[in-house]
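Asks: As you go down the protein sequences, you meet chains A, B and C in turn.
Under the working numbering, the first residue of the first sequence carries the number 1, and numbering increases by one thereafter.
Under the working numbering, the first residue of the second sequence carries the number 1, and numbering increases by one thereafter.
Under the working numbering, the first residue of the third sequence carries the number 1, and numbering increases by one thereafter.
It should be emphasised that the hints constitute simulated quantities derived from the structure, not laboratory data.
Every residue gets a Cβ at the ideal spot worked out from N, C-alpha and C, and that includes glycine.
Possibly wrong hints are sitting among the right ones.
Unchecked claim - Below, in silico cross-link-like pairs of lysine to aspartate or glutamate (EDC-like), each with a Cα-Cα straight-line distance of 16 Å or less:
# : chain 1 : residue 1 : chain 2 : residue 2
1 : B       : Lys-116   : A       : Glu-283
2 : A       : Lys-280   : B       : Asp-115
3 : C       : Lys-229   : C       : Glu-246
4 : B       : Lys-117   : A       : Asp-134
5 : B       : Lys-116   : A       : Asp-281
6 : B       : Lys-116   : B       : Asp-264
7 : C       : Lys-229   : C       : Glu-63
8 : B       : Lys-263   : A       : Glu-133
What the hints assert, rightly or not - Computed beta-carbon distance windows for the label pairs:
#  : chain 1 : residue 1 : chain 2 : residue 2 : range
9  : A       : Arg-109   : B       : Tyr-262   : 42 to 50 Å
10 : C       : Pro-242   : B       : Arg-161   : 30 to 38 Å
11 : C       : Arg-239   : A       : Gly-112   : 53 to 61 Å
12 : B       : Pro-86    : A       : Gly-157   : 44 to 52 Å
13 : A       : Leu-306   : C       : Pro-153   : 49 to 57 Å
14 : B       : Ser-259   : A       : Gly-95    : 18 to 26 Å
15 : B       : Pro-86    : A       : Tyr-31    : 31 to 39 Å
16 : C       : Glu-107   : A       : Ala-87    : 31 to 39 Å
17 : B       : Val-92    : A       : Asp-141   : 33 to 41 Å
18 : A       : Leu-309   : C       : Glu-107   : 50 to 58 Å
19 : C       : Tyr-226   : A       : Gly-95    : 35 to 43 Å
20 : C       : Met-30    : B       : Pro-86    : 51 to 59 Å
21 : C       : Tyr-226   : B       : Val-176   : 39 to 47 Å
22 : C       : Val-54    : B       : Val-92    : 48 to 56 Å
Claimed, not checked - Now the stretches of chain A that chain B is said to cover, found in silico as 3 or more residues with beta-carbon under 8 Å:
#  : segment
23 : 14-26
24 : 264-272
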Amino acid sequence: MISWLASPRTGGLLALFAVIAALPLALSNNYFYEVAILVGVNAIVCVGLNLLIGYAGQISLGHAGFFGLGAYGSAILSARFDWPPLAALVAATIGVAALAYLIGRPILRLRGHYLAMATLGMGVIVSIVAATEDGWTGGPDGMPVRPLSLFGATLTGEGAWYCVVGALLVAAVWLSLNLIESPTGRALRALSGSEVAAEVSGIDSARHKVLVFVISAVYASVAGSLFAHYSGFITPSKLTFFHSIELVTMVVFGGMASTYGAVVGAAVLTTLPQLLTVFKDYEMVVFGAVMMGTMIFMPKGLVPSLGGLVETAAGTARARRGVR
Amino acid sequence: MSAQLAQYLLSGITIGAIYALVALGFSIIFNASHVINFAQGEFVMIGGMTTVSLTGTGLPLPAAMIAAVLLAALAGLALEKFAVEPARSAPVVTLIIITIGASILLRGLATLVWDKKLHTLAPFSGSTPIEIAGAALLPQSLWVLGVTLAIVLALSWFFGRTLLGKAMLATSNQRVAAQLVGINVRRVLLVSFGLSAALGAIAGILITPITLTSWDVGIMLGLKGFAAAVLGGLGSGPGAVLGGLVLGIAETLSAGYLSSAYKDVIAFVLMLAVLFFRPTGILGSRSAERV
Amino acid sequence: MSLLRTEAVSKEFGGVCAVDNLSFTISPGMVYSIIGPNGAGKTTLLNLLTGIYVPSGGRIFLEDSDLTGWAPHEFAQAGVARTFQNLQVFFNMSALENVMVGRYGRERCSLATALLRTPALARAERAGREEAAELMRFVGLAEWLDARAEAMPYGALKRLEIARALATQPRLLLLDEPAAGLNPAEMREIGQLIGKLASRGHTAVLVEHNMRLVMGVSDHVLVLDYGRKLAEGTADEVRRDPRVIEAYLGRATKTVH
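Let the hints inform the model, and build the full structure from the sequences given.
Replies: Below, the structure written as C-alpha cells:
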C-alpha cells in the first residue's frame, strides 16, 4: 500500500487531485480564482516544456510562441471564421504540431547555446508577426476572443473554468508521467544522459528530439487556446521572449526532470508577481533578483533540492539508528 | 548609385557599427566563459542613460561619458563576480536564466534610478547633415563609425600584442592549459566582463543622439547585437564586426525596399538562416566533433 | 561466411589519415582483438564500425548488407553494439533502466501506447525488467540490481555498459578498452566474462591495450599502426612478429647509454 501511494503516478496524482479539489476552500474571491486558473494554465505548459528541457535535455527559449499560436489560432478561427471554439482549438493544436514538426528537424540538429538561440529567434519572429499583422491579429492591442462553448453550453465563471483547467492539468500530468515511464520516455532520458550511447543502443536521436519538441508544443498550444478563451482577450505580450523566459524559469526553478516540480515552479512563479505588486516600483528588481538567486543557490531546482534535503535527513536518521 | 540606396547603406553601416560593438561584447564574454550574456544590452542602456542624466546635472559631456563607461564596466564586473562566478559549473539553461535575471534586475534598477521616458543627447558635433553621393550623412554617424573603427583597431592591438590580451585568447582556446601556464583565469573572466560592458556602454553613448535612449532600449539592441555575433561567428572578433555591419545594412535595405513594419524581424531571420546552414557563422571555423 | 567485413576503409580528419585503407574480416563466433600503439586509429575504427564516423573511403559490410554511411542507430538496429572507452553511462537513470534502454531498438512502442500506458505495455515493461535483471546477473552485477547508476563503482559501470550492449541482442559486440582502469582481479573477471560470451556464441571485437587480456581471450588479433594494418594472426603469431615488436618498443638495435 505504501509503495503504491509513494509512486508518482498513483499517489502523486491523488495528491495533486486532492490539492486541486480542496483549494477552492482557500480561494475566497474571484481574484484568487483567477490566479489559480493562471497557475493551472502555466503549469500545463511547464509540464510539457519540462519533458523537453528536463527529461530530454534540450532547451527552448521560444515556447511562448507555441502558446501564442494556440491562443491566436483559437481566437482567429472562432472569431473571424466562425468556427465552433472546440473545433478551432483542435485545428490550432494540429497546426502548431505541424509547425513544430517542420521546424523541429532543422532546429534540433543544433545543441546547447546554438539551440537556445535558434528557438529564441523563432519565438521572437512569431511575436513580431503577431504584433504586425493587425489585419488578422488586431496588432499590438490584441483581439477579443469568443467564449468557449461545449455542445451548446458556454463556459463562463471562474468556478467552471477552474474545474476545466484543473481537470486538464491532472490529465496533462498523468500523460506526462506515463510517457516518462514508458520505453519512449526512457529513450528520451537516455538522450539526455548520453546522446551517443543512446544512438548506439538503437535510438534515433533526431526523431525523438522532434517528437518531444512536438509534444511540448502541443501542451503549450492547448494551454494557449484555453487561456485565450478564458481571458476573453489575447495580446502579443503573451508571445514575447520575456514570457518564454518566464516559462523556462518556472521549469528550472521547480526542478528539471520532475513533472511535479514543473507544477510547483509554475505555481510559485505565477503567484510571485502578484505578490510583488505590493513592491510596485521594485517589482522588476525583486523578480530579477529572485531569478538570479534561485539559480545560483538552488541550481537543481526547488523540488529536487528539497527532495535532497529530505533524503539527507532520512539518511542521517537511519545512520543514527544504526540501520544501513 | 541612387541617392536612396546610398542613404540606406549609410544608415545601415551606422547602426551596423553599433551592432558590431554589442556583438564584440558578446563574443569577448563568450570566449572567456562560454556564457551568453543576455544582460549585454543593458550595458548599452546604462551607457546612454548615465550620460544623459549626468550631463543633465551639469557635468561636461566628456566627463559624463567616462563616468558612464566606468559605471557600466563596474556593473559588468559585479555581474561576473556575483552571478556568473558562483554558477560556473551549472548547465547552459541555468546560466542563461541567471544572465536574463540580471538583465531584468538592471532594467528594474534603471526605472528606479531614472524613469521610463525617452531621452536624448545633443549630437557631438552638431546636426548639419553632410552630403555624400546624394545622401545625407549625420555628423554623429561619423562619430559612430570613427570611434568603432578606433575601438576595433585598439582591440586587435590588445589581443594581438599585449600579454593580457594574449592571455585572454589563450584562456578562450584552452582553459586548463592556460591555467597550467599560470594565467589567472578568474582575472581574465573579470576583465572580459568589464571590457564587454565598456564596449556596450560606448555603443549606447554613441547612438543616443541618433536613436534616443530609455530604460528598455537594451532589449532589442542586445538581441540584435547577439544575432550579429552569431551571424559573424560567435567568439570571433572580426566575425562580430562583419556580422554587425551585414545585419545593419540588411536591416535598412529590407526596411527601405521590402517592409518597414518587419524591420526587426530581419535580424532573427538571418540568425536562423545562419544557424540552419552554417551554425559557426560566416567567419567561424567548422568544428569537427570527436567522440 | 563473414560476419563483418571492411573493404579499404579509411577516415581522414583534415589531412590526417586516422585509418588508412584497412581491410579485414571477422567470422561469427570468434573473439577478435585490435591492438596497436596510442594513436594507431583503434577508437576511430570502432567509431567507423558503429556509424559514429562516416568513412572517407571504402565500405563496411555486415554479412550481406552494405552499412557504409548508415547512422549509428541504424548500425545498432542491424546488430552492432558497443561499449565505450570513456564511460557513456546514463547517470540520470537506474542501473536496470540503463540496460532496458538497450531493448528499445528492438521493440518500439507507439506514442499512444506510451501516453496511455496500456495493460499490454505494463506487461511488456515487466518482462523487460526481468530480462534486464537477467543480463545484469549474467555480467556479474547481481548486487547492483536496485542501484542507481551514479552510485556504482567504475568496474561495475564497465560491466553495466556490456549488459546494455547485450540487451540489444547484437550479432556483433564491440568492446572499447573494457579493461581500462581495472585492477588485476577485475581484469580477470572481465576476461572470464568475455570467455563466457564467446562460449555462448557471441562474436566480440576487443580494442585493448592490456596484452595479458588480449592474449588470454583472443582467437585472432589485428595490429594497427598509423591507421594501417601492421600484422594479423593468432595471438602467438602476432606476439612474435618483429614488425609488431618494433612498432611498440622501437628497433632492438637502438641503444641509449
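Asks: Between Pro-86 (chain B) and Tyr-31 (chain A), is the Cβ distance one that fits in 31 to 39 Å?
Replies: For Pro-86 (chain B) and Tyr-31 (chain A) the Cβ distance comes to about 38 Å; the hint holds.
Asks: Is the straight-line distance between the alpha-carbon of Lys-229 (chain C) and that of Glu-63 (chain C) 16 Å or less?
Replies: Violated: Lys-229 (chain C) and Glu-63 (chain C) sit about 22 Å apart, past 16 Å.
Asks: Measure nothing beyond the straight line between the CA atoms of Lys-117 (chain B) and Asp-134 (chain A); if it is 16 Å or shorter, mark the hint as holding.
Replies: Given that 16 Å is the threshold and the Cα spacing comes to 26 Å, the pair is violated.
Asks: Please test the hint of 50 to 58 Å on the beta carbon pair from Leu-309 (chain A) and Glu-107 (chain C).
Replies: violated, 39 Å
Asks: Okay, Pro-86 (chain B) versus Gly-157 (chain A) on CB: inside 44 to 52 Å?
Replies: Check passed, 47 Å falls within 44 to 52 Å.
Asks: Given the hinted pair Lys-116 (chain B) and Asp-264 (chain B), is their alpha-carbon gap at most 16 Å?
Replies: Answer violated: Lys-116 (chain B) to Asp-264 (chain B) is near 22 Å, above 16 Å.
Asks: Test coverage of the segment 14-26 of chain A by chain B using CB-CB distances below 8 Å; three residues minimum.
Replies: violated (count 0)
Asks: Given the hint of 51 to 59 Å, is the C-beta distance from Met-30 (chain C) to Pro-86 (chain B) inside that range or not?
Replies: holds, 55 Å
Asks: Go ahead and decide if the range 35 to 43 Å is satisfied by the Cβ distance of Tyr-226 (chain C) to Gly-95 (chain A).
Replies: Since the Cβ atoms of Tyr-226 (chain C) and Gly-95 (chain A) sit about 56 Å apart, the hinted range of 35 to 43 Å is violated.
Asks: Please test the hint of 31 to 39 Å on the beta carbon pair from Glu-107 (chain C) and Ala-87 (chain A).
Replies: holds, 37 Å
Asks: Does the hinted range 48 to 56 Å hold for Val-54 (chain C) and Val-92 (chain B) at CB?
Replies: violated, 28 Å
Asks: Does Lys-116 (chain B) pair with Glu-283 (chain A) here, judged by a C-alpha cut-off of 16 Å?
Replies: holds, 14 Å
Checked against the numbered hints above, the structure violates hints 4, 6, 7, 9, 10, 11, 13, 18, 19, 21, 22, 23 and 24; every other hint is satisfied.
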